[in-house]
Each structure stands twice: as C-alpha cells, then as structure tokens.
Amino acid sequence: MQSMIDSFMLMLPNIVLALIVFAIFYSVGRQIKRVVRRVTRHHHQARNLGLVLGRLAQSVIVLVGLFISLSIVIPTLKAGDLVQLLGISGVAIGFAFRDILQNFLAGILILLTEPFRIDDQIVFKNFEGTVENIETRATTIQTYDGRRIVIPNAELFTNTVTVNTAFDQRRMEYDISIGYGDDIDHAKQLILEALYSLKEVLKVPAPDVLAMDLAESTVNIRVRWWIAPPRRIDDLRSRDKVICAIKKKLYVENGLDLPYPTQNILFHDQTEETDGDRSQQREGWPADKRKVPKPNRIRRSVRKLTQGRSQHDDNGKS
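For the sequence shown, the numbering used here assigns the number 14 to the initial residue and increments by one for each residue that follows.
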C-alpha cells in the first residue's frame, strides 16, 4: 500500500497537468465549434454544413487533447500503441454500437445533403411538426400541439419524409358538392369569384376549379389554390377563408344546392297493372313476356287467410 501511495504521489503532478491540458483542448474545441456556427449562421445554404464542421472540429481537437493527456500521465505510452488500441477497440465498439454508429453516419449525411433544414415543417409516418434540431444521432421535431418527437436519423434517412416547406409556395385543394339541378359552369364561376376575393389565395399561380366526379347524389367539384408561405398555420387560415367564402357565395347569395348524400329505396312487388310493359326490363327486374298478374286486394288476401284457417280447424276437429 505504501508503495502504491508513493507511486500515486509521484504521478499526481502529471495527472493534474494532464487534466488541465485536456480541459484546455476541450474548451478550445467548444470555442471553435461556436465560431464555425456563428460564421455560417447567416448563410442559409451553409448552416447545416457549419453544424457538421463544428462538431467534427470539436471531436478532432478533443481526441488530440486526449492523446496528449495520456502521454503526460503515461510517458512510456507511444502514439503507435494508441492507434493500435483504438483500432482494436473500434472494431469491438462498431459491433456493439452498430445502431448508434448507423444513426451517426445518417446524421452526418442528412446535415451534408440537406433534404430538410432546421425550422422546416416535415411529415414522417404519423408525426408532423417543425424541425427543432438536427444532431448526429437523432432529429427532434416539435409537433403543432406542443410535443417533442425524437426520431433516429437512420429512420429519417432510409424512409420517406414529406417536407411541406421545401418551396416558397404550396397548392391546397378542397372538394365541393353541388346538386344535379345546378349549372356546373355557373357554380365554377362563382367559386372563382370567391377565391379571387381572398387575400390568403395567391393570384399567381391562379386558382382553378375542376369538375371531378358525377357521384350518386352530387356533382363533385375540386377547388385548388396556392398559398405563401406554405406553413401549417397558413394552410389552416386559407382553408378556413376559402370554405367560408365558397359556402356564402354559392348557398347564401345565389341559392345553389349543397346536397347531403341521398338514397332512394323502392319497395316493389312488380304485380301492379301500372308496372307497364313486361317485355321491357324495368327497375332492375328481368324482362318477362307473360301476362301481367292482377293485383291482390287486401280484402281478398284477408278472406283467403280466414278461409285457410277455418279449413285447418275443421280438419283438426274431424
């Protein structure tokens, strides 16, 4: 024990010096990272590249500081031994932390290729929100209802991501239904007038109105318009204005029908004389060239039912 204590006391100055050197290199690495970020912050295209370069510069400086600190504590340790140790350890760590390294490499590629940037609004599977931060391991997004979602970078890099704010403008659409008795061209003209009256709808590119479907009880018309900027709040505001304006223009001011889904059900036994010509198929029934049967009166049906019951009772008594 005394020998161990004496050895520790002899190495204590080296340990303190190594800690000071490592702290200096660590501080220098953080400062270089901040400088790189500050330089590239005002350049939108190079902002993600600045994040990558800043983190790599910090990692390299900290690693060099670690080598120098170990050399101070253990003077007999050579750089070749450190490289060999790191090589063997790197293989073991690679197998043990494969997913972490995969996320790290995916994060580097995302920051370099920039499929999306910080403050972009993206949709990934069931998650939608604004990108808060892109780190080397994961990307965090803030949902529109105030929650934070942490998504591994490997998932983002290998799956489909929808970037709603990738461009300056975005096209929206909504389907309107009118009745079969309404004039389609007149309805389309009224809808365009409602769209052009809204400041939330861009005039260039111009909105358009297209007849899309002859449904069971309605004529469906698709309304398409462009907004800028294309963020979620602008989508909701423009959709609210468009729907209210179209409803007011069509229904309130011009009396066009906005019908509900309807369905006709026919209860028909095909025995009335008014059914028409049996040689023609009618209402989905097959053609029949036989003579039209006489309709049964309710009185006759009741009389037949009564006679049948009387005969059954007489047979039972006999």
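Watch out, some of these pointers could steer you wrong.
[Said to hold, decoys possible] Each computed DMTMM-like pair below joins lysine to aspartate or glutamate, with the alpha-carbon atoms no more than 20 Å apart:
#	residue 1	residue 2
1	Lys261	Asp181
2	Lys138	Asp181
3	Lys260	Asp188
4	Lys262	Asp198
5	Lys254	Asp196
6	Lys260	Asp158
7	Lys262	Glu145
8	Lys261	Glu229
9	Lys212	Glu168
10	Lys262	Glu168
11	Lys260	Asp221
12	Lys201	Asp188
13	Lys254	Glu229
14	Lys138	Asp198
15	Lys260	Glu168
16	Lys254	Asp188
17	Lys262	Glu229
18	Lys212	Asp195
19	Lys212	Asp196
20	Lys261	Glu145
21	Lys138	Asp195
22	Lys216	Glu206
23	Lys260	Asp181
24	Lys216	Glu229
25	Lys216	Asp196
26	Lys46	Glu168
27	Lys201	Asp181
28	Lys254	Asp195
29	Lys201	Glu145
30	Lys212	Asp247
Just so you know, these hints were derived from the structure itself, not from any lab.
List of violated hint numbers, smallest to largest:
Per hint list: 1, 2, 5, 6, 7, 8, 9, 10, 13, 14, 15, 17, 18, 19, 20, 21, 23, 24, 25, 26, 27, 28, 29 violated.
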